[in-house]
Amino acid sequence: MFIGVKTKILLTVLAIVLLFTFFSLYYFPSQQGGALLRNYRNEVQNQAKTIALGARIALNEQNFEGIKTAMDFVKGNEALRFVGLLQTDTIWNDDHSKFDLKDSLLVGFPEIMGTEALVSSDSLIVMREPFRTEIMNGDIILAFSTDAIKYGQRKIWLTALLVSSIIFGIGMLLGLWLSRNISHPVLALRKAAKRVGEGDLSPVELKRTKDEIGELTLAFKNMVADIKKLSDLTLVQEKEKQHLLATQNEALEKQVEERTMELKQSLTDLQAAQSQLIQAEKMASLGELTAGIAHEIQNPLNFVNNFSELNTELSDELLVEINSGNTEEVKELAATIKENSQKITFHGKRADAIVKSMLQHSRQENGKKEPADINGLVDEYLRLAYHGMRSKDKSFYAKCETDLDSTIGMVEMVPQDIGRVLLNIINNAFLAMADKKKADPDYTPVLKVSTHKYAETVEIKISDNGTGIPSNIVDKIFQPFFTTRPTGEGTGLGLSLSYDIITKGHQGEIKLETVEGEGTSFVIFIPVP
Amino acid sequence: MLSYLLMLKTGNLKKSTQNQHMKLSLAAILIFISSLVNAQDLSVIANDKGAPGQLKLTELQSIFQGKTTKWTNGSKVVLAMMKTNTDAGQATCQKLFQMNADEVKKYWLTQSMKGIETPVFFNGIAELKEFVVKTPGAIGIVEGSEAPAGSRLVMVDGKKSF
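Protein sequence lines, in the order shown, are assigned to chains G and H. Note that numbering that gives the first Met the number 0 has the first sequence beginning at 0, numbered continuously upward. Note that numbering that gives the first Met the number 0 has the second sequence beginning at 0, numbered continuously upward.
Among the hints, erroneous ones may be present.
Straight line, CA to CA, 20 Å or less: simulated EDC-like cross-link-like pairs of lysine to aspartate or glutamate [to be verified]:
(1) G:LYS452 with G:ASP404
(2) G:LYS7 with G:GLU211
(3) H:LYS113 with G:GLU110
(4) G:LYS460 with G:ASP404
(5) H:LYS82 with G:GLU60
(6) G:LYS67 with H:ASP101
(7) G:LYS503 with G:GLU455
(8) G:LYS330 with G:GLU320
(9) H:LYS113 with G:GLU77
(10) G:LYS452 with G:ASP434
(11) H:LYS75 with G:GLU64
(12) G:LYS227 with G:GLU197
(13) H:LYS113 with G:ASP499
(14) G:LYS101 with H:GLU102
(15) H:LYS82 with G:GLU64
(16) H:LYS82 with G:GLU133
(17) G:LYS475 with G:GLU455
(18) G:LYS67 with H:GLU116
(19) G:LYS67 with H:GLU102
(20) G:LYS220 with G:GLU197
(21) H:LYS133 with G:GLU64
(22) H:LYS66 with G:GLU211
(23) H:LYS75 with H:GLU142
(24) G:LYS74 with G:GLU42
DEER-style ranges, computed between Cβ atoms [to be verified]:
(25) G:GLU60 with H:ASP86: 13 to 21 Å
(26) G:THR68 with H:GLY157: 36 to 44 Å
(27) H:ASP86 with G:THR68: 41 to 49 Å
(28) H:GLY73 with G:ALA34: 23 to 31 Å
(29) H:GLY157 with G:ASP102: 24 to 32 Å
(30) H:GLN97 with G:GLU60: 18 to 26 Å
(31) G:THR68 with H:GLY143: 27 to 35 Å
(32) H:PRO147 with G:THR68: 24 to 32 Å
(33) H:GLY52 with G:ASP102: 25 to 33 Å
(34) G:ASP94 with H:PRO135: 56 to 64 Å
(35) G:ALA34 with H:PRO147: 54 to 62 Å
(36) G:THR68 with H:PRO135: 19 to 27 Å
Calculated from the structure, these hints are not laboratory results. Glycine included, each C-beta is placed from N, C-alpha and C at the ideal position.
Using the sequences and the accompanying hints, generate a full structural model.
Below you can see the structure in the form of structure tokens.
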């Protein structure tokens with residue numbers, strides 16, 4: 000619970016005033032009333048003693064001035080209700096063994112009053128003072144009314160009430176004045192502090208009082224002025240910094256713009272170069288294919304030519320036999336011609352297919368995925384690569400072993416891209432085996448190609464027993480433009496493009512396992528839905 | 000009395016009782032002696048102003064018992080007496096109050112408490128006489144029948160002494 004300074008001061012003053020009021024209204028009158036009563040009782044007692052002393056002197060000295068003066072004094076008091084002289088007589092029994100003391104009133108004023116009713120009460124103070132003389136023993140009995148005391152007490156109480164009221168009034172006014180004088184500067188200071196806290200450093204208008212709060216106000220004003228100076232200085236410095244920053248930013252932006260332009264130009268150049276390189280790579284692979292393709296086309300063409308020539312000769316023979324009317328021979332020759340024509344058609348179609356495949360391989364645009372026979376693709380590109388290698392190196396011979404999983408079926412892929420990957424890897428394998436063969440004539444190159452279907456992927460594994468890849472360059476072989484071939488023989492993009500085709504184009508994976516001097520295996524994983 | 004003294008001598012009484020009885024015996028002896036003294040004559044002297052030349056004994060008793068407080072000329076009656084332990088004092092008690100000395104003391108104590116003017120008691124005759132001479136309205140009881148100068152002798156029942 001928040002209690003403000005003003006409330007606290009008011010509550011404190013109120014507590015003090017109430018405490019003081021309590022003392023002045025209850026405790027003080029009670030104490031004073033009690034003291035008044037005690038004093039009054041003492042006074043009555045003293046008067047009784049004076050009378051008793053006067054009585055003793057009168058009886059002993061026969062000097063009655065004292066008692067006369069004392070009686071005159073007592074009787075002059077309006078509060079006197081009774082004054083009397085009691086004689087105490089000793090009454091013995093007959094055999095003088097026991098006695099009783101009997102008080103008898105010798106004289107009293109006023110005379111009509113008896114002593115039996117003289118008992119102290121709220122309205123009456125009764126005092127007895129004994130005196131002893133040779134002549135008589137007795138008591139002076141004195142009764143005074145307490146009206147004067149009550150009046151005095153009432154006056155005290157009224158005075159206390161008046162004083163309390165004045166004190167309460169003055170106290171509350173003082174409290175209000177104090178709370179106003181103390182809390183106002185404090186609240187103004189708080190307000191100013193809040194304003195400064197919110198960032199408003201304009202000059203603070205605060206009244207300065209001649210006390211600690213005034214000193215605090217002055218210190219606060221000085222502090223705000225100092226903060227303002229520092230803030231202004233900081234602001235100027237900040238502006239200078241911002242200006243400098245803006246200038247630098249402008250210069251940097253300009254530089255960035257220039258660099259961006261340069262980079263854009265570089266990128267354009269690079270993209271052009273990349274396209275050229277990719278095209279070059281394609282052309283290179285096409286060149287490598289050409290030999291194989293030529294060999295592939297040559298075979299059907301040979302068949303076409305041979306069977307065409309044969310059919311020409313058979314046609315001549317057929318005419319001879321028709322002219323000779325040898326029907327049986329004609330029929331036999333016609334069947335042979337037909338059979339040859341069918342072979343010509345078969346081999347022509349085969350050549351056509353080879354040409355189409357070549358065209359597909361050299362197509363520029365990125366192909367779309369389509370269902371393809373991965374085993375057929377592997378078989379075709381293995382043969383193309385082998386014949387291509389053989390056309391370049393007539394002495395090269397390799398044992399090619401295939402283990403193709405017939406359950407694979409059609410797989411979604413870009414066939415020409417996968418064919419390019421297979422061609423790259425197989426060509427590299429043949430080159431590695433050719434290198435090893437040159438070093439070791441007894442060596443027999445063996446290339447194993449296998450496919451296997453798993454639950455979510457299709458695996459193509461191409462393993463050779465060639466030279467293997469040195470461990471220091473294993474990490475680099477998928478990097479663009481990295482090649483171990485002599486300058487002009489390879490672009491260094493074959494495996495890099497193969498990696499991109501498998502990982503980015505088909506979301507697959509390509510792994511390399513190699514042992515230097517023993518061979519290399521590339522394992523390709525293509526995901527299947 | 001003799002038998003009582005004999006009892007004291009023989010120790011037939013208890014000690015506390017003996018003390019009481021001793022006091023009573025002494026008092027009786029004193030009363031006896033005083034009765035002998037009382038036999039002496041007393042006379043009344045008065046200041047020239049106030050008291051009349053002659054008074055009856057009853058009037059004198061009334062005056063000395065405080066019942067008459069003013070003279071016929073309106074002046075205040077001022078009483079002068081010898082203290083009760085003097086012969087004249089005791090004789091005065093006997094003749095004017097018919098009381099012993101203690102009773103007179105008690106009498107004047109009660110009177111004083113009532114506000115009645117009390118006598119002025121003196122140890123010596125000369126002092127009393129001087130007081131009467133100097134105090135207007137004063138009247139005193141003395142032994143003998145001579146009034147000092149400045150005072151006069153008041154006749155009681157036509158006699159100088161009573």
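For this session: Please name the hints from earlier in the document that this structure breaks, with their numbers sorted from lowest to highest.
Result: Hints 10, 13, 17, 22, 23, 27, 28, 29, 33 contradicted; others consistent.
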